[in-house]
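Enquirer: Start from chain Y and add chain S according to the hints.
Respectively, the protein sequence lines represent chains Y and S. Convert by adding 6 to the 1-based position in the first sequence; the result is the number in our numbering. Convert by adding 6 to the 1-based position in the second sequence; the result is the number in our numbering.
Keep in mind that a hint or two might mislead.
Same chains, same names: a pair is fine if it fits in one copy or spans any two.
Below, computed lysine to any residue pairings styled on SDA-like, alpha-carbon distance capped at 25 Å [unchecked claim]:
hint: 1; residue 1: K148; residue 2: A254
hint: 2; residue 1: K148; residue 2: P221
hint: 3; residue 1: K155; residue 2: A191
hint: 4; residue 1: K175; residue 2: W10
hint: 5; residue 1: K155; residue 2: V187
hint: 6; residue 1: K155; residue 2: S235
hint: 7; residue 1: K155; residue 2: E194
hint: 8; residue 1: K175; residue 2: S255
hint: 9; residue 1: K155; residue 2: D195
hint: 10; residue 1: K148; residue 2: P251
hint: 11; residue 1: K148; residue 2: S235
hint: 12; residue 1: K148; residue 2: I240
hint: 13; residue 1: K155; residue 2: A190
hint: 14; residue 1: K148; residue 2: D164
hint: 15; residue 1: K148; residue 2: D195
hint: 16; residue 1: K148; residue 2: M74
hint: 17; residue 1: K175; residue 2: P26
hint: 18; residue 1: K148; residue 2: R238
hint: 19; residue 1: K148; residue 2: Q236
hint: 20; residue 1: K148; residue 2: S255
Hints in this document: simulated from the structure, not taken from any laboratory.
Protein chains: 2
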Amino acid sequence: MSGWIAVAGIGPGDAALITPEVADALAEASDIVGYLPYVARIPARDGLTLHASDNRAELERAHHALTMAAEGRRVVVVSSGDPGVFAMAAAVFEALEAGPTAWRRLDIRVLPGITAMLAASARAGAPLGHDFCAINLSDNLKPWALIEKRLRLAAEADFAMAFYNPRSKARPEGFGRALEVLRAACGEDRPILFARAVCTPDEVLRVVSLGEATPDMADMRTMVIVGSSQTRLIVRPGAPILYTPRSAS
Amino acid sequence: MSGWIAVAGIGPGDAALITPEVADALAEASDIVGYLPYVARIPARDGLTLHASDNRAELERAHHALTMAAEGRRVVVVSSGDPGVFAMAAAVFEALEAGPTAWRRLDIRVLPGITAMLAASARAGAPLGHDFCAINLSDNLKPWALIEKRLRLAAEADFAMAFYNPRSKARPEGFGRALEVLRAACGEDRPILFARAVCTPDEVLRVVSLGEATPDMADMRTMVIVGSSQTRLIVRPGAPILYTPRSAS
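In isolation and in its complexed conformation, chain Y is listed as follows (with noise of 0.2 Å):
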């Protein structure tokens, strides 16, 4: 077998957020397989099959590039960000495991990349910058009730948090719900960013407390980040820099 796969992160949609290794791969590849507004990303060129598919797909998108790789192609498998966080890399894994045993002998690769909590951050300051968590909130794939816990045991273990996925137009209502555990959590005054298409034309910060958020404040292309009780915001002129101090008591 010569074929092989790659996850590969191709950043927030910044193409100088791309490393070069996602870009050699991308340049090797004879085909792109991923969600279509990430395929829409790439370039097209001669020997280069680009195959798109819906949001939902995960697992048959999966399943169909490690087909491929396994018939001798070499296969990119595109996420944004970070393929690791949130993204493609764990569904290609389940879909290895639960495939044929000859899979595993697959040369498959995961390529890192700019996930968005850290573009968000970079642009943001360092909300970051000390212990913090990172928390899925869409409840697609496991119970609303796990997600409130983690929020209270995260804001116990005053953790910084980042939040992917806070809210769709399928599932409206969760991230109130979450903005009211935090606010019971971490009191109103707590600073929250919205970081909405960070890393592309369309960028929209927003720094706020936790008592003057709101829900209509985010969708599926923003990136929610709660600061911990020692996060700071320093005022300037143009935008403040919201950040968390390397100690803490």
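Expert: Here is chain S on its own, set in the frame of chain Y:
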């Protein structure tokens, strides 16, 4: 003022993991500031001054970088990995907040990079594929009791956990205590990844159970990742794959 300061992530070691955005900043810089082994990764060239300093000197280094930028120089502060994760961005903002008000008008940017936990995760599979937390195990800047509290709460939340700075010559004892807390909270069978010198020629990956883990498996060049209760190991020819599925119950 035509000077600027960029706090840039140069990734875990491999030049193929440095983003074009960071490469451009390095090419435009007049001065590079950072911890000695990171500055040593930047090639010398005419017009570029390298300022290497010792590990513990973060705040002085940040102050120096801000001072030079305010004098009109083009300064890149280099961090290993991502500058916003247990690295120089927070130190620069601490120095900025404590410094002259004029510094708040500086052109200051944070340029994200591939942080060690995501590089290690990619090399091992996708152990951070679901909700997770990142904890600095050094008690230089926080009390050890807070670290233990966070470990217990993170285990109760069933996060996968990534540990930075697990062990150093100056702090040989803490990591053994952390392993005891984790064994008590997560059981002996939970997988733990030791990823040493990830994405460098010295890279060594090892996955064992918490019951088998010993303190000497980690040093300051080691990234440690503990799985959640859902994390799985796929055995195959060569290195096994460690991953956390997308769903949880």
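Enquirer: Against this structure, judge whether each hint is valid.
Expert: Okay, the hints, checked on the actual structure:
no., hint, in the structure
1, K148 - A254, "between (32 Å within a copy, 5 Å between copies)"
2, K148 - P221, "within (21 Å within a copy, 34 Å between copies)"
3, K155 - A191, "both (11 Å within a copy, 17 Å between copies)"
4, K175 - W10, "neither (37 Å within a copy, 41 Å between copies)"
5, K155 - V187, "both (9 Å within a copy, 21 Å between copies)"
6, K155 - S235, "both (19 Å within a copy, 15 Å between copies)"
7, K155 - E194, "both (19 Å within a copy, 24 Å between copies)"
8, K175 - S255, "between (40 Å within a copy, 23 Å between copies)"
9, K155 - D195, "both (22 Å within a copy, 24 Å between copies)"
10, K148 - P251, "between (33 Å within a copy, 11 Å between copies)"
11, K148 - S235, "between (28 Å within a copy, 14 Å between copies)"
12, K148 - I240, "between (37 Å within a copy, 22 Å between copies)"
13, K155 - A190, "both (13 Å within a copy, 20 Å between copies)"
14, K148 - D164, "both (23 Å within a copy, 13 Å between copies)"
15, K148 - D195, "between (30 Å within a copy, 23 Å between copies)"
16, K148 - M74, "neither (30 Å within a copy, 50 Å between copies)"
17, K175 - P26, "neither (35 Å within a copy, 35 Å between copies)"
18, K148 - R238, "between (33 Å within a copy, 17 Å between copies)"
19, K148 - Q236, "between (30 Å within a copy, 12 Å between copies)"
20, K148 - S255, "between (33 Å within a copy, 6 Å between copies)"
In summary, the numbered hints that this structure violates are 4, 16, 17.
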